[in-house]
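Undergrad: Start from chain A and add chain F according to the hints.
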Amino acid sequence: MNHEKKTPLIRLAKRDGMEGWKIWCIRCGAVLFALLLGALVMGLVGANPFTAYGAMVSGALGKKSAIRQTVKIAVPLLGCALAIAPCFKMRFWNIGAEGQITAGAIAASYFALFWADRLPAPVLLTVMGVAGAVGGGFWALIPAFFKARWNTNETLFTLMMNYIVIGVVQWLQGGPWEGRKGSQIIPQFDEAACLPRVFGIHCGWIIVLVLVVFMHIYMNYTKHGYEISVIGDSVNTARYAGMNVGWVMMRTMFLSGAISGIVGFIVASGANNTLYDGVAGGVGFTSITVAWLSQLNAFAMVGISVLLAVLSKGAETLQTRMAVPASISDIITGILLFCMLGCEFFIHYRLIFRKKKEARNG
Amino acid sequence: MKKFLAVLLSMILALSLTACGGGGGDSQTSGGTDDKPTESKPDESQPADGTSGDTEAKTIKVGLICIGDENDQGYTYNFIRGKEAATEALAANGIIVDWVVKWNVREDVSCEDANIELADEGCDLIINNSFGFEPFMLKVAPDYPEIEFIACTNQASWGDNLENTHNAFANIYEGRYLAGVVAGMKLQQMIDEGTISADEAVIGYVGAFSFAEVISGFTAYFLGARSVCPSVSMKVQFVGSWSDATEEANAASALADMGCVMISQHSDNTTPATTAEAKGVFHTGYNNDMISVAPGASLISTRIDWAPYFEYAITSVANGESFDQDWCHGMDMGAVVMTGLNEAIAAPGTAEKLAEVEEQIRSGKLQVFDTSTFTVNGGETLTSAFALDTDGDFTPDSEEAVFDGAFHESHFQSAPYFALSIDGIDWLNTAFG
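Protein sequence lines, in the order shown, are assigned to chains A and F. Following the working numbering, the numbering of the first sequence begins with 60 at its first residue and continues without gaps. Following the working numbering, the numbering of the second sequence begins with 28 at its first residue and continues without gaps.
Next comes chain A alone, as it looks inside the complex (with noise of 0.2 Å):
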């Protein structure tokens, strides 16, 4: 009886083999559940949630204006979550990749503001995008040598790093690189500095479609690929088949770095033609978010991508054409985010309720 008693209300079960259709049941639902309470948020300011909706699918994908305004907004997330997706297959839980895209975009500027008149157009693109890979690929391999060396927390680390270059942007714009003085913009970069325009969009999307089927076969066909499940799913298993676990996580930290990076250049290059202490956005975060959401399949993820541009692109135009404050456009956003991830939960586990118990097993 007392053991009875102490039943929680509510317990938790792993459960796994799920059939299919069940799970895209779940997640389905759950799209439209945070719809629904997207719409509640919506009515609570006084928006009309079906012209609000209508709002922000129109407004993403209603011009071509506007679907390469989201465009732009897709390829860095893309580009992001393809970084991440082997350092998180290797639990390995690298969320610095904000300040590796900015490492990047510092190290693909030097080049566009002061070898511009040196060098011609493809080279120097080439050469910004060498140093921005280079870059980022540095600024990660740091949090990793720690790690495989003296195996301090991963997490904290890269988080840190962030801040660090963050601060040496914000030291450029003011200091060395400032455009007009008191200006703290850095000027705008070179023509040739420039990616060039592939149907009116910068052709930084050509790069990172590229790189999906590159870290598709990478991480499904490759011998390093292999190494990097192993040490996901056990390190001691890594280290008993003779893998030096160190020196993967500092290769796959370096790659992510630079994948990063070069992100940090489309971006820096191709959207902004500048540089400054934005220039990561907040997409080394919300690119978690895609890499998990397309659970580290590289072809997910652009689908995943397009999806999160869509909603951020749509959120601009609800605030602009409804008037409602920016911060509803947010919150409907992330409403949505966290439902589609919260779902996984119910993926994974399954709730046991204390009374229904018999019930359940019947």
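No lab work stands behind these hints, which were simulated from the structure alone. Please note that the accuracy of each hint is not assured.
Claimed, not checked - Among chain F residues calculated to face chain A with C-beta under 7 Å, some are: (1) VAL127; (2) ASP135; (3) VAL136; (4) GLU144; (5) ASP147; (6) ASP151.
What the hints assert, rightly or not - Reference listing, derived: stretches of chain A covered by chain F, where coverage requires no fewer than 3 residues with Cβ under 8 Å from a Cβ of chain F: (7) 159–171; (8) 242–254; (9) 321–332; (10) 375–382.
Unchecked claim - Below, computed lysine to aspartate or glutamate pairings styled on EDC-like, alpha-carbon distance capped at 20 Å: (11) F:LYS166 with A:GLU286; (12) F:LYS88 with F:ASP125; (13) A:LYS123 with F:ASP170; (14) F:LYS392 with F:GLU407; (15) A:LYS206 with A:GLU286; (16) A:LYS123 with F:ASP125; (17) A:LYS122 with F:ASP316.
Yeah, the Cβ is synthetic: ideal placement off N, Cα and C, and Gly gets one too.
TA: Only chain F this time, still in chain A's reference frame:
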């Protein structure tokens, strides 16, 4: 599993009910959001117009991109006041303005996105309210030749080879001069009454940055004060920020401790006024009436009234006419105004003197930067000074600004370019950012 789905479904149903409830209610509440009342104003006055005048009512969609929101009670708030006044005035002329406002936009690529967003929303005219917005506006303007773009307080439009970009500023130095007259009269009154000696008439000025816009303002202010109080001198402390309430208060406090008996400011907050009040000295303000926060110190303020420019630009767009790419007016057009005078503490006769000087400025009889009223480099009369800064590096490189016995501020471009240090003003520091 079935049970779980059932729970999920019932939750969805329950929520959809509440959501519909919310959706049904919003038709009544849709006018209740913050800026809706302003937006619906023209609609309310429209029927009256339509019946009486029956002129062709045009609707112009105007985008406004703001660095802050009206809560700053200073810079952006001042634009919002201009927006509201212009909307009202234009409605009377049969032009309905449909405003789309983007608040709290940063001076980075998000400004570019805001411009694109507004352009795609079908705005006929897009106004950028902050200095740092212009480079981003200029990236968008070439793609939308049919839309007019305005960068307030900036300076690239006259030379950027784009037909659809515009700059605007106001001759705020005129307002500064008048505020200086008010301050000078108070100081002279204190000297006459024996409260202070003649050489204790020291003004302390809290400046944001050592830029022409600030220098032009405090020089005009000083000249205004000296025109009625010959023994006055001034100390300037730069805080290195347009808006830093604490630093502004610290600077004002330090100036008062150095013996300044009058504080003025070119920064966004009201803390210099409250500090002056606490220190028992007097104050004149900027952007907003500060008498309410410092009734025993604040004498008067001056501010730009954006309404005349907004009316001018929007009317031009409505009529399909081109308008000035570089607009700058002052008291002649009502673009610079004084806030109410604090009669309780101002020197007697101040109001009459103000009216007199204002009339002289308006008619052009009085030049604020009359070269016979000040000297540079320890006694030299200013005979030549270059005006324009064409490459944006803050060093002047063309155009003679001194002619007809005065330095002509905001004559060649709307953005101020008077950046000289004149005798009698003591710069305690400099701040370029």
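Undergrad: Give a verdict on every hint.
TA: To see whether the hints hold, each was checked on the structure:
| no. | hint | in the structure |
| --- | --- | --- |
| 1 | VAL127 | 6 Å, holds |
| 2 | ASP135 | 5 Å, holds |
| 3 | VAL136 | 5 Å, holds |
| 4 | GLU144 | 6 Å, holds |
| 5 | ASP147 | 5 Å, holds |
| 6 | ASP151 | 15 Å, violated |
| 7 | 159–171 | violated (count 0) |
| 8 | 242–254 | holds (count 4) |
| 9 | 321–332 | holds (count 3) |
| 10 | 375–382 | holds (count 6) |
| 11 | F:LYS166 with A:GLU286 | 47 Å, violated |
| 12 | F:LYS88 with F:ASP125 | 5 Å, holds |
| 13 | A:LYS123 with F:ASP170 | 13 Å, holds |
| 14 | F:LYS392 with F:GLU407 | 24 Å, violated |
| 15 | A:LYS206 with A:GLU286 | 17 Å, holds |
| 16 | A:LYS123 with F:ASP125 | 24 Å, violated |
| 17 | A:LYS122 with F:ASP316 | 45 Å, violated |
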